[in-house]
Amino acid sequence: MFDDVLRNAWHLVVTFDPDVFGYAVRSLTIATVSTLVAGVVGIPAGILIGQHDFAGKRAVVTILNTLLALPTVVVGLTVYMFVSRQGPLGHLELLFTVPGIIIGEVLLIIPLITALTVAAMSRTGRDVRKTALALGASSRRAHWTVICESRFGILAAIIAAFGRVVSEVGVATILGGNIDRFTRTMTTALVRYVDMGEFALALALGMLLLTISLSINILFQFVQGGGQE
Amino acid sequence: MKPRYRLENVVRRYRTAHPARHIEALRVPALEVAAGEILGVVGPNGSGKSTLLETLAFLTRPDQGRVLLDGIDVWAARQSLNARRRCPMLLQHTVLFQTTVLKNVMYGLRAAGMRRRQAQERAEHVLREVHLDGLAQRMHRELSGGERRRVALARLLALEPDVMLLDEPTAHVDQANAQLIEATVQHLHETTGMTVILASHDLRQARRLADRIVTLLDGRPYDGTMDNAFTGTFRMKGDGSFAFHGENGLMLQVAPQAIVSGDSDRTATLTDATVHIALDADRLLIRPGTADNACDVGGTIDSVHRCEDRCRVTVRLASGQELHATLPQSDYLRCGLNVGARVCLQLTAGSLRVIGMGQ
Chain A
0 MFDDVLRNAW HLVVTFDPDV FGYAVRSLTI ATVSTLVAGV VGIPAGILIG
50 QHDFAGKRAV VTILNTLLAL PTVVVGLTVY MFVSRQGPLG HLELLFTVPG
100 IIIGEVLLII PLITALTVAA MSRTGRDVRK TALALGASSR RAHWTVICES
150 RFGILAAIIA AFGRVVSEVG VATILGGNID RFTRTMTTAL VRYVDMGEFA
200 LALALGMLLL TISLSINILF QFVQGGGQE
Chain B
0 MKPRYRLENV VRRYRTAHPA RHIEALRVPA LEVAAGEILG VVGPNGSGKS
50 TLLETLAFLT RPDQGRVLLD GIDVWAARQS LNARRRCPML LQHTVLFQTT
100 VLKNVMYGLR AAGMRRRQAQ ERAEHVLREV HLDGLAQRMH RELSGGERRR
150 VALARLLALE PDVMLLDEPT AHVDQANAQL IEATVQHLHE TTGMTVILAS
200 HDLRQARRLA DRIVTLLDGR PYDGTMDNAF TGTFRMKGDG SFAFHGENGL
250 MLQVAPQAIV SGDSDRTATL TDATVHIALD ADRLLIRPGT ADNACDVGGT
300 IDSVHRCEDR CRVTVRLASG QELHATLPQS DYLRCGLNVG ARVCLQLTAG
350 SLRVIGMGQ
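Residue numbers (numbering that gives the first Met the number 0), protein chains in the order written: chain A, 0 to 228; chain B, 0 to 358.
So that you can see chain B by itself, here it is in the shape it has in the complex (with noise of 0.2 Å):
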């Protein structure tokens, strides 16, 4: 498929009062996103998911390299507000300007030269789509949390864009409203076409919703999800098998069919060279008692997290580090395990992703 974005070595830095310490939030050495994908961004706070997001939306101008929209490099050609129009961007902090609904969906209609008469009609026209046109003419602070999303949400809609750039669309919001907003997102993708990329720390919705994941850590992209992210170096060992040492304490004895196919091959070359490692929280398989065999880990339930029919549950490790592990709620209720109880981890084939190399 076309590219609708090309980000070529990208690098965004925030500025201190000493040019040393600038901070560099991102570094894409290169990501496309195809024309028509959803692609999820996850990553936990501060990996730099919503300044990968502003870099998408041209609000802000990276430091290095070139973001390419359908093939222009739009801020050499000198485009951003052109490209603002076709890529808004629902921003995690929801901030509706002081007026009503429809006025508020108006704006970026009115603000891209739109006659207001046109403006209200389709401004109208969105507000049904979304189920808000009871809400049209309700001043913005009279909107709970999640009707002040939806409406943040139908402002862009509004516009009718061909990316649509969403940072934590359900953040904050309750689950029936964050159901209507992920429903709205679908339904769109579906109809349109339209490109979304999604920035969400809640890695169940990223798969729920797209179509290809990219983990951000550091400011820096990996394809693929990641639960359990480490930084550390490997070593082989006699046995065949490679001993992790994390940077953060965390000691693992990895049998080789615990790592991704392709990346196994790869470990054996990485002896001694720092490397990002993901343990796929899906494919970490948890049971009571001791860790007998050397490859697994042992430790105690911290706390248990229950989304539908699934568990997310956060081991504690002797050496004080977490892992987390998810299982259906089925499993976790037949196994009988309870918060505080010992359990002991098994790395399954293929939960172990070395993700990237170096600093």
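Only chain A is shown next, with the shape it has when bound in the complex (with noise of 0.2 Å):
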């Protein structure tokens, strides 16, 4: 039986099947979107806090610290309580839309993208930035160099936002509803599959998922490598 799924699964990857490929293909846009938009906001404001000193600087990064590991059905459902009908934001209609798994995606990886940003600026900020002066840089100049310096980590940051995005169940399932050729994405249509017994299906889904975080890993190495000293 195992032999015949395996071949099915295979069989519906090799032949683009439109089902698994239309899944993917929102999966991703969903990812893209929510990590350009999560990006705007979460990097600027990791650059501040990594590149300045201020009173609770620390109490922000542990904040953001345990924000990383926040569960993505609490994520999900607190924003369904914004955008259900009878909440603040219902007449906006974003419930069981794909703008609506967007937001809780980018409120799921702002934390995360910002964390890392701090992080990356944090690891060697201090140093560049004094170099830079150092060698006549004015204070604007200093704070780009810090910036164009921290690259690779900020890059390794909108990496694993995506990776995150991609490969997330609850946020999608809560504020998407599960809707088959609309709001359905990879995750939520394997364990829908599962769920029904149409394991080649699930498979297909399955293999494409480890291949999307197969490449997403591989390029977090790369960049990762790419700022070592």
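These are calculated hints, taken from the structure and not from any lab test.
The C-beta atom is built at its ideal place from N, Cα and C for all residues, glycine as well.
Be a bit skeptical, because a hint or two may be false.
Partial list, computed: chain B residues near chain A (C-beta under 8 Å) [to be verified]:
#1 Ala56
#2 Arg83
#3 Pro87
#4 Met88
#5 Val94
#6 Gly107
Using the hints, build the complex out of the two chains.
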């Protein structure tokens, strides 16, 4: 039986099954848009926190690190309360839509991008800034130099966030509702097909997910390697 | 000579959570550095050498006092950026930007607004001068520790500065690269007459390179060199000699002639006052055996560090303190000295210097 399932799954992948690849495209679209939006917020926040000393900085970093382990279902539930019919944003009709999922994913990965950016800036930021100033750079140019020198760390933060969204189930299920051809993503479809006993389809999705995760990890390693001394 | 730098009552504190516990890292009542001078700043770790150099590089603003560069109070005149360009600093910890050697050397020039082509030509010229032209296209991570340090030095040279501030320029660098760095500094000073301020924990290096040496102890500068620094009190004895009681338990009987000329008269007035003294390692005579004379100090050889033709011998006294003495290797061998041997240290004429008073 397992041989048949595996053969069918492989067939679905190599023949570019429209259902399987439809879910993949949707997942990648959600991940791309979410990462871009979260990056616009998280990277500048991380740079600001990383480059400046202020009262309570340690508390902010601790909160960010705590948010890294936030269960995805908790984020999904929180956003659900806001965008459901009775919620304060109910009139926007975002529940069970792709934009609704994106809002949840963005809130999920903003702390991740911010925390990893702070870490990237903190690792070498102080020494780089001092070196730039010691070579006659203006304060603004020294700031920019620190950002440029942390580029591999920041890129790694973006890749990690993208990977988290692609492989995420909780937010996509609660806010997307797992509606076929509308809000169903690779991960929610996989859960659904396992429930239905459609193991070939589930396995095909699993293969795709594994390929994407592997590609992201290879890219992550490559980017991290680029920044190493 | 016209002073390049003048420091007046400069104080730098590092802040802690409690204002009462701010750490005073530097207190310089007065210090002048002449244009074209090589000033060596020596002192133990944590004595404030880096803080002093960062203050002179205008990387850190003093909490009190004035730093004058060519007679201009730089911070008051809001000219710190211009001053930083004239007085770049080689930091103790080398950071190369994540790019090629050439672009690293171009960084300061581009920061000063020079056009790319012109900056590249200047950087290539400097790399040729310091024999690093073969590494121009190497990435920062493809360099050895010594090469990284030389590239960091080339970054400063490219700026053609008025002053060069070097913080431990040969720390963690192999001997060959260290010699190249020293030769570069000397050559540059001879050809351009540039002012160089060099911080080093290596007294011998400072002596080799510097025209004048300032010693820092707990953030306070003292003229001259200092190897064995102690704080304590003097008492005059009936026979005209002095007894020094160190805060760390060191006890010395000091003949008047052992004290540097000028200080000996002053010592008589220092009874019971807290003083900082330094024993010149080059003037401590070391011989095998036990101390017969009251003014000699007995101990055991703890370690020997050989450098070029000299030996630096660390002697552990019975009271637990360490004294350092340097002597030619030939003398060391002739006396048959070894680690663990009992020896006697004699304070020869001019071996003790009073380098400061009070807390």
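* Which earlier hints turn out false for this structure, listed by number in ascending order? -> none
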